[in-house]
Amino acid sequence: MRISKKTLLVSCLIISFAYTVIGFLVLPGVALHVINQQLDKYANLPAHLSRVEFNPFSMEATLWDLHVGDQDAPQLAFHRLYINAELDSLWSGALHLSEAALERAHGEILFAEDGTLNLAELFTLPPSQPEPEPAEQTVFPVRLDRLGLIKNSLHFMDRRPREPVEFGYDALSLELRNLSTLPEDRARMTLSASGPYGARLDWQGEATLVPLTSTGSLRIQDVRLDTFWPYVREEYALKLSDGVLNASTDYQLDLSERTDLQLSKVQLTLSQFGIDAQDKPRLRIPLLEVRDAALDLVQQRASISAINSKQLELWAAREANGQIDLMALLQPRPAPEAPTEAEAVPTTEPQITRQTRPNAQTPAPAPDAQSGVAAAVQEPAGPPADKPATPWQLVIKQIALQDYQLHLLDRVPEPEVALELGPLNLSISDFDSLGEQPFNLSLDTGLNNNGQLSAAGQVTLKPLSADLQVVTSNIDLRLARPYFEPLVRIQLRSGQAHAGLKVALAGVSPLQLAVTGDAQVSQLHVVDAERQRDLLKWQQLQLTGIAYGSNNLAIQQIDLQQPYARFIINEDLNTNFSGLLVEQPSKPAAPDAQASNPLGVRIGGISLQDGSANFADFSLRPNFATAIAQLNGNIGTLDNQSTRPASVDVTGKVDRYAPVSIKGKLTPFDPLNSLDIATSFRNLELTTLTPYSGKFAGYRIRKGRLNLDLHYRIEQGQLNADNKVLLEGLQLGEKVDSPDAVDLPVRLAVALLKDTRGNIDIQLPVTGNLNDPQFSVMPIVWQTLRNLVVRAVQAPFKFIAGLVGGSEQDLSEVGFAPGTSELDGDAQSALTTLAAALKERPVLTLEIEGMSSAQADGPMLATERLNREYQQIQFKSLQAMGEDVPTTPDLLEIDEDDKPALLEGIYRARLKQQPPAEWSELDREERAARMQQALISFWSDNDLLLRRLAQSRAAAIKAYLVDSTGLDPQRLYLVDVGKTEPSTQGKVATALHLGSQ
1 MRISKKTLLV SCLIISFAYT VIGFLVLPGV ALHVINQQLD KYANLPAHLS RVEFNPFSME
61 ATLWDLHVGD QDAPQLAFHR LYINAELDSL WSGALHLSEA ALERAHGEIL FAEDGTLNLA
121 ELFTLPPSQP EPEPAEQTVF PVRLDRLGLI KNSLHFMDRR PREPVEFGYD ALSLELRNLS
181 TLPEDRARMT LSASGPYGAR LDWQGEATLV PLTSTGSLRI QDVRLDTFWP YVREEYALKL
241 SDGVLNASTD YQLDLSERTD LQLSKVQLTL SQFGIDAQDK PRLRIPLLEV RDAALDLVQQ
301 RASISAINSK QLELWAAREA NGQIDLMALL QPRPAPEAPT EAEAVPTTEP QITRQTRPNA
361 QTPAPAPDAQ SGVAAAVQEP AGPPADKPAT PWQLVIKQIA LQDYQLHLLD RVPEPEVALE
421 LGPLNLSISD FDSLGEQPFN LSLDTGLNNN GQLSAAGQVT LKPLSADLQV VTSNIDLRLA
481 RPYFEPLVRI QLRSGQAHAG LKVALAGVSP LQLAVTGDAQ VSQLHVVDAE RQRDLLKWQQ
541 LQLTGIAYGS NNLAIQQIDL QQPYARFIIN EDLNTNFSGL LVEQPSKPAA PDAQASNPLG
601 VRIGGISLQD GSANFADFSL RPNFATAIAQ LNGNIGTLDN QSTRPASVDV TGKVDRYAPV
661 SIKGKLTPFD PLNSLDIATS FRNLELTTLT PYSGKFAGYR IRKGRLNLDL HYRIEQGQLN
721 ADNKVLLEGL QLGEKVDSPD AVDLPVRLAV ALLKDTRGNI DIQLPVTGNL NDPQFSVMPI
781 VWQTLRNLVV RAVQAPFKFI AGLVGGSEQD LSEVGFAPGT SELDGDAQSA LTTLAAALKE
841 RPVLTLEIEG MSSAQADGPM LATERLNREY QQIQFKSLQA MGEDVPTTPD LLEIDEDDKP
901 ALLEGIYRAR LKQQPPAEWS ELDREERAAR MQQALISFWS DNDLLLRRLA QSRAAAIKAY
961 LVDSTGLDPQ RLYLVDVGKT EPSTQGKVAT ALHLGSQ
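For the sequence shown, the positions run 1 to 997 when this note's numbering is used.
Worth flagging that the hints you see were computed from the coordinates, not collected in a lab. For glycine and all other residues, C-beta sits at the position ideal for the given N, C-alpha and C.
DEER-style ranges, computed between Cβ atoms: (1) Leu201 x Thr259: 21 to 27 Å; (2) Ala991 x Asn634: 48 to 54 Å; (3) Asn597 x Leu487: 21 to 27 Å.
Could you build all of it, start to finish, from the sequences and the hints given here?
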């Protein structure tokens, strides 16, 4: 049967019409109905697809306006999904899509506090039937010419951390070209996304799916770290104050045989980064840049061209238990305890956790990057057991850290020590983590207020070695006080260290360290912690030619400028330095490899320039104490590896005029074994020793000079000392009440010891064991007895008065009427008797100490002063008016009626104040009386008036003795005046003292 052309044409038109109707109308309607029906069946939330369009001729399909969830707040939604399939898919053996586009899609990813994921609860899917696994899985062939994601958005919220994590991207776009599952087909991709806070993600590159490879570049901008920081706070108690991250990199990824990842041109910038903990700042990084970094995962190598950072600020402390607080903050928080079965709250909703899914119909979670890669390449978890792991290599060309500030606190000592390091600058170049090649290091920083520390040189990690030049200046040594003061009973008041050293480290096991250079300690001041007295100080200590190495320390020269030391020999021959160490609890002795090889110390020489010292020897009777100045000299070579003694030659002066010398030899590292030192003092004024004589002798020293020769010799702990003491013109002063005074009649002893020339010569040898000293006092006793025979006892004033028949008369003082310096008859009679007695003792001298009394003399002196003020003011006033006046004011007579007016001016001028306001209500006489009494009270305690009166009285006594009795004025001395109280007869007595020429 033959079909006509007309019939064929009609059939084609009918078929075409049916195809068109079915394609344009039936299929979209059926598809829309089926899709919405399935959504109603399986969706747990309202779900609806608005429209389906299909073009059967161009094979284009479009789905419009899908919403899952509330219309105003959908969980999943898109505005348009477009797919364009090519007809060659029918015969090419692969699904060929020319274009696929998803426009204005939106997704909500929400994790509840219990870990439930909202996407897992959107649909309830039927259980899937297990299918036998095929012998070999093949990838379905698909070719996609272009895939586009246009203005999509994503909202993420995770309520599992203590602080919820929330972020979103509202302009997520992706363009992908030539995506294919066919081998060797490469796809070009472009991805861009931006967040509501300015963060932006840009990615472009190429990729193949079989095998999985990709190359391209990735860039993230303005990522705020506080968005993701709750995940960190979940593990660590660290609070982020701020932080913005920018990063970019080129990459190459190849998973065909193994995980081959290469990064290049890596740029990373971290700005305004800050971390707080316990409501305190811990770290501030204004800027951190990583430039031109690269990473090769296969070669296990990373390189960085430069790391730059500025103005970092760090706070750290070592707690009392020795732990670093930053390390404690980096300890993960303890995991919360799981609720018990009784505490667990039952629920009928599916419980989604990060580890497992509740039922089989819920889709399995997509593998993360690590697990997916591992599954794809099927690499073993680690290297074979018989193959050692290859270490990673990190190479950094340059590190530059500038203007760092480190706030460090050490709470282990008490009180705590605060260290401020900054501005700190660190530069490192050519760093290689393999450590086989040296890298360059340069560091300089300030330390607290004025200190500076710098180090520069090369460091090698394997083996650890270094060659550095270290320079320090103005390092405040008081920073070390809390560390050594619990061990030593001293206090460091000041001290600064300066050094220029070359440090060479060749190894650490055993330690191979060599140090050379010079060092200096200036402005050192150390006091005795118990007595708060100066112990040691100097202006500058210069150590020249330091060389340390191989357990030996050599110093070419030590120069001390203006050193000072206080050295005291106690009664038991111990010194004030011997009790400085604080006894520590005994600990088991640890084996010390160097115990049998002590440190060798050699000092080429020591020079002293303009030194001073306080020296006291309480083992002598009488005790000796003095201050020595202008110390200059040298000490020879000191070597603890040699028994050869060092020479000592030091000279100085006491009180600028008394020379002192110290000469001899000693072994300073073992002074109790061998010592031979001779010390000589000449013409030392004994008045400087008054505090010591008062304490140990019970009397002040009025005058005298001392010559002292000490010769101390020690052999094997045995002391043999010769002490020669010569006292010239010694006179004791007033008695001092001291419980430590010797129980002897000191004044009588002095009189007995004086020879015919008025001197005391004592030979005092001392012998004994330094551990249990024994002193021989018999030589000084015999010397005292011998001097007693030579000289008679010198009598007091009553004794010398008896020489001229006046033994009942007290000649030790002269009485004056209050306010006057005139000698009455009794005073003249006593002075006449005294003059006669002094003529019998021509070697004696008389010292006149003028006295005054504020109680007795003050009111009369004040009245006289007030009268002189009247006369002077009136005298000047009359002169100004042109009237006739006497030649001097003291000849002027003042009328009583004129005094009140003059008082007003005198009161204001002398007391420098106005009369009290309440005095204005008094009558003129009462007001004048009040002002007069105030002025008299003011001048009654006037030291100048009282001192002048006392000097006038002493001068009157001297004038009478010289003019009336003919006594030689050279034998009379006017000593400094004093104050006294009036006698019972109302007189003020001026004291007289006997002396000798």
